[in-house]
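Peer 1: So the chains spell out like this:
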Amino acid sequence: MNLFKIQDMWQKLIWPWRPESNREAGSGIVANFLLHWFPNRVSLRSLAFSASLYLGTITFIVFLVLTVTGVVLMFLYIPSVERAYWSIKDLDNTVSFGWLLRRLHRISAHLMVALVFLHMFRVFLTGSYKAGEIVRSARPFNWVLGVTLLVLTLLLSFTGYLLPWDQLAFWAITVGTNIAAAVPLVGEAIRQFLLGGTIIGQPTLIRFYVLHCALLPIVLFAVAAWHMWRIRKDGGLAIVEQDRKDALAREPVAPKKSKTYSVLGIASGTTVQVNDPTTLNEDNSVPSTPFLIVRILLITLLTVAVSIGLSLVVQAPLEAAANPEVTPNPAKAPWYFLGLQEMVGYSALMGGVIIPTIVILGLMLIPFLDREQKGIGFWFTDGPGRKWGIFGFLYGLVTTVGCLAIALLAPMRDIFPTIESQLFFDLVNPATFLLLLFAGMYFVVLKKTSSTRYAAIATFCAFIIAFVLLTYMGTALRGPNWDFYWPWQAWPTHPTAL
Amino acid sequence: MIKKIPQREILLVLIAAVALLAVGVAAIMYDTGPDWKYYQSEFRTIVAERVANADLATLPVGIQQIWVEKLDRVDRCTTCHLGMTWKGLEDVEQPWTTHPIPEIFDDHRLENFGCTVCHGGQGFALSEYDAHGFVEHWERPLLSDIAGSEYDPRNPPPLHEIQCNYCHRYERSTRGMPFINSAKEFVRTKGCKICHVINGDGGKLGPDLTSEGDKHAEGFDFSNLVSDQITVFNWHIKHFQSPPTIVPGSIMPEMNFQSHDAQALAMLVMSWRDDEDLPRAYLPGVELKDEMTPEEVERDLRMREGDGAFFVEHNCFVCHSIKAYDIKSPTDKGPDLSLAPDDVRARFNKTVEEFLFDPTGTMKIILESQIVLTDEEKWQAVEKIMKAYDIVKNRAAEAEAAAADGS
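Respectively, the protein sequence lines represent chains A and B.
The first sequence maps to residues 158 to 655 in our numbering.
The second sequence maps to residues 1470 to 1876 in our numbering.
Just so you know, the hints here were simulated from the structure itself, not pulled from any lab data.
We put the CB at the ideal spot given by N, CA and C, even for glycine.
Treat the hints with care, as some may be off.
What the hints assert, rightly or not - Computed footprint of chain B on chain A, listed as stretches where at least three residues anywhere in the stretch have a Cβ under 8 angstroms from a Cβ of chain B:
#1 235-248
#2 251-260
#3 327-340
#4 457-467
#5 476-490
Unchecked claim - Under the rule of at most 27 angstroms between Cα atoms (straight-line distance), these lysine-lysine pairs were calculated in the DSSO-like manner:
#6 K489(A) - K246(A)
#7 K1539(B) - K246(A)
#8 K1472(B) - K402(A)
#9 K1792(B) - K1862(B)
#10 K1847(B) - K1797(B)
#11 K605(A) - K531(A)
#12 K1707(B) - K1797(B)
#13 K246(A) - K1684(B)
#14 K1819(B) - K1833(B)
#15 K1819(B) - K1862(B)
#16 K1856(B) - K1802(B)
#17 K544(A) - K605(A)
#18 K1862(B) - K1802(B)
#19 K1792(B) - K1802(B)
#20 K1847(B) - K1802(B)
#21 K489(A) - K1684(B)
#22 K169(A) - K1473(B)
#23 K1707(B) - K1673(B)
#24 K1856(B) - K1819(B)
#25 K1684(B) - K1707(B)
#26 K169(A) - K1472(B)
#27 K246(A) - K1506(B)
#28 K531(A) - K544(A)
#29 K1472(B) - K390(A)
As the list claims (entries may be wrong) - Derived list of chain B stretches under chain A, where covered just means 3 residues or more per stretch with a C-beta under 8 angstroms from a C-beta of chain A:
#30 1472-1483
#31 1604-1615
#32 1683-1690
My request is simple: use the sequences and hints to build the entire structure.
Peer 2: This is the structure we're talking about:
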């Protein structure tokens, strides 16, 4: 009797069961929490690397790596202005694998920010924010969740940036929060709310620590779970719309409803699968177990291996201990804000407040502005889309380089030496020019093609290149006193004591 | 029908797993093979060869650290520099050698000072490169001859004296610090304090130099320093040699300092750092005692250095005043020692000499336990007491004569 029980438990542990039919595989998945994560069957189109490049999956794995390393780091890090810096020094020098923990956490954090951007680029370029014509899905809403996750990721990275409490951290956060202070009327109050005072000190450190280790990860985890759950409820990746089209072509009759349940009462209406029983079949799909599972395993192994591999070669920098009395020259924000910092150099109001607000709002509104439903899941939609993408890319390249050249060679204050009004320079500067040039292009392309999608593609591609160029400018080409240096030009020697 | 996973996919998973294993093993090897383990095992060999009767089992194993709470310092240098306080390893090479000046530990005990407070470097780091601190963003590297030879390869300035003078700044001169001592002499002879506040005192014409050593490299204007070495040290050297060249319009006079004099002065000003966090006990030359009036100071000095110094030194004055030498006991529990010859004869029927070598009563206990004198010292005491007796007798005779004259 007891032996039977043990054997039973062992059976459950090793799970030797193999599904004999699709139906059995389905029941198996419904019965198992971990496997419930994935749908019963997954479309071959969405399994293909080209559909998503697995960027969202990689982002989530990197987030898990960050969670694991972050929890261990919480045991070793002391969030006090006296001890924080020295606990990081001990991590680097003495704690077993402390260097690896810290490097892995840092490299993963940078990777996560980069991956979130890349994932967003992919989702936009494949038109995956669209609802689809056959079964109206809630993908537009999931795009909004995605933009929220982008903001949360930036906030997580930004709050973590302060924690080592070295000069890099202290001054990056100083610059970052000064950008927030450029908001009219309430800017100073926002800054004070972020810092818990007028300068960065112990109140700031504990604020950022709690935000970074508790509040933001929990919120991000919840929204990320929602984001991924929505993908299930919308029937999978957007490329599945093409499977639906094929199914409709095969059986041009109205699909029969096979299920009646609603979505657990959490979301309104029924899931798309209720109205869509025929999309996935033996030919265009495979069971998630084991196909998707093995694929996820592959992606996980590669992601972790690459992260650790990078940690072996990329050191985590640690500058001198934070010193409010010594400003490093140049003082720079974290890299993903350096495009903003570059524009803040022209106008704090335009570069630091108006443009980021327009960008975030504009990103959130994309699926509601562009409601065309063709070519969902295909990169750049179709041939003309590709053409407009290249056009936007080149247009963005030329206009951004042009605006940077204006900023360097003909600053507005040199052109209008007699004007003293700050408002004038807030409105007339290279950042405003860039904004107007992009907005103008959107409407020109829209008029020419009568397609919101093509206009969006062109604008988005211009935005990508502008973001990359401005970030590169702020990161690599700006030296002491925010002066311009070519990549091959050496910066002035940094003075030392001895 | 169940489709099979393509073999290519399985192969990719295997490759990824091997890759993960490889980076994992690389990380473990990197973490578990630090240099200090090699240095510790070598030290074991050296001790076995050189030191007779050494108990190898008691040799330190693992990371060693000196935590000096009062200085808020953790130094792990002794993880590799294991022989510092050993005898017999003087001619062994670094990092196992004995400290070149072992007597330094007499008044700088290792557990009270650690290493970096004198030598600089990153005390908590464990790899040679990081620990010696010639790394970016570490402001206080090891002050060895390697650092000094950047400024004079043949005769490197002893930069560690900068750190010595962090504590010894108030001393007039200090043994073993020739450069700083000569610089301090310049400060006195060249009249620096006429224009500058130094150690909290001086003129207001030039900037206050009391915390000059805390000034960060960013706070200096290097635009007129023509040199490969854009360092604060070099700025000071060149500035001492020709102030208006480095700071145009400066009215500081040119004193024609030789290069070593300029180096010494540069070291001195760089040593002037804020010592607020330094416990007073680490600051020699700073006296901690109650305020006294000039008369009290004078009398204290007279008691300590006058003819009766012997009795102060040996604490006799705690109970006995000695009128002849102007020594006043705070308690006056015993009789005045100037009158001891009469007193001892009256009470014990002995001479002073007999009493000191064979005391009775309270003095027996005190001379056996509290104030133990050698025979030589006892003879000294007798001689001084007899002299005091003569002085008192003479004074009394003079007073009598004066009184007789007066009457």
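Peer 1: Now look at each hint and say whether the structure bears it out.
Peer 2: Status of each hint after checking the structure:
| no. | hint | verdict |
| --- | --- | --- |
| 1 | 235-248 | holds (count 3) |
| 2 | 251-260 | holds (count 5) |
| 3 | 327-340 | violated (count 0) |
| 4 | 457-467 | holds (count 6) |
| 5 | 476-490 | holds (count 8) |
| 6 | K489(A) - K246(A) | holds (22 angstroms) |
| 7 | K1539(B) - K246(A) | holds (20 angstroms) |
| 8 | K1472(B) - K402(A) | holds (24 angstroms) |
| 9 | K1792(B) - K1862(B) | holds (11 angstroms) |
| 10 | K1847(B) - K1797(B) | holds (21 angstroms) |
| 11 | K605(A) - K531(A) | holds (18 angstroms) |
| 12 | K1707(B) - K1797(B) | violated (57 angstroms) |
| 13 | K246(A) - K1684(B) | holds (24 angstroms) |
| 14 | K1819(B) - K1833(B) | holds (14 angstroms) |
| 15 | K1819(B) - K1862(B) | holds (19 angstroms) |
| 16 | K1856(B) - K1802(B) | holds (22 angstroms) |
| 17 | K544(A) - K605(A) | holds (13 angstroms) |
| 18 | K1862(B) - K1802(B) | holds (23 angstroms) |
| 19 | K1792(B) - K1802(B) | holds (15 angstroms) |
| 20 | K1847(B) - K1802(B) | holds (21 angstroms) |
| 21 | K489(A) - K1684(B) | holds (23 angstroms) |
| 22 | K169(A) - K1473(B) | holds (24 angstroms) |
| 23 | K1707(B) - K1673(B) | holds (23 angstroms) |
| 24 | K1856(B) - K1819(B) | holds (18 angstroms) |
| 25 | K1684(B) - K1707(B) | holds (17 angstroms) |
| 26 | K169(A) - K1472(B) | holds (25 angstroms) |
| 27 | K246(A) - K1506(B) | holds (20 angstroms) |
| 28 | K531(A) - K544(A) | holds (16 angstroms) |
| 29 | K1472(B) - K390(A) | holds (25 angstroms) |
| 30 | 1472-1483 | holds (count 6) |
| 31 | 1604-1615 | holds (count 7) |
| 32 | 1683-1690 | holds (count 5) |
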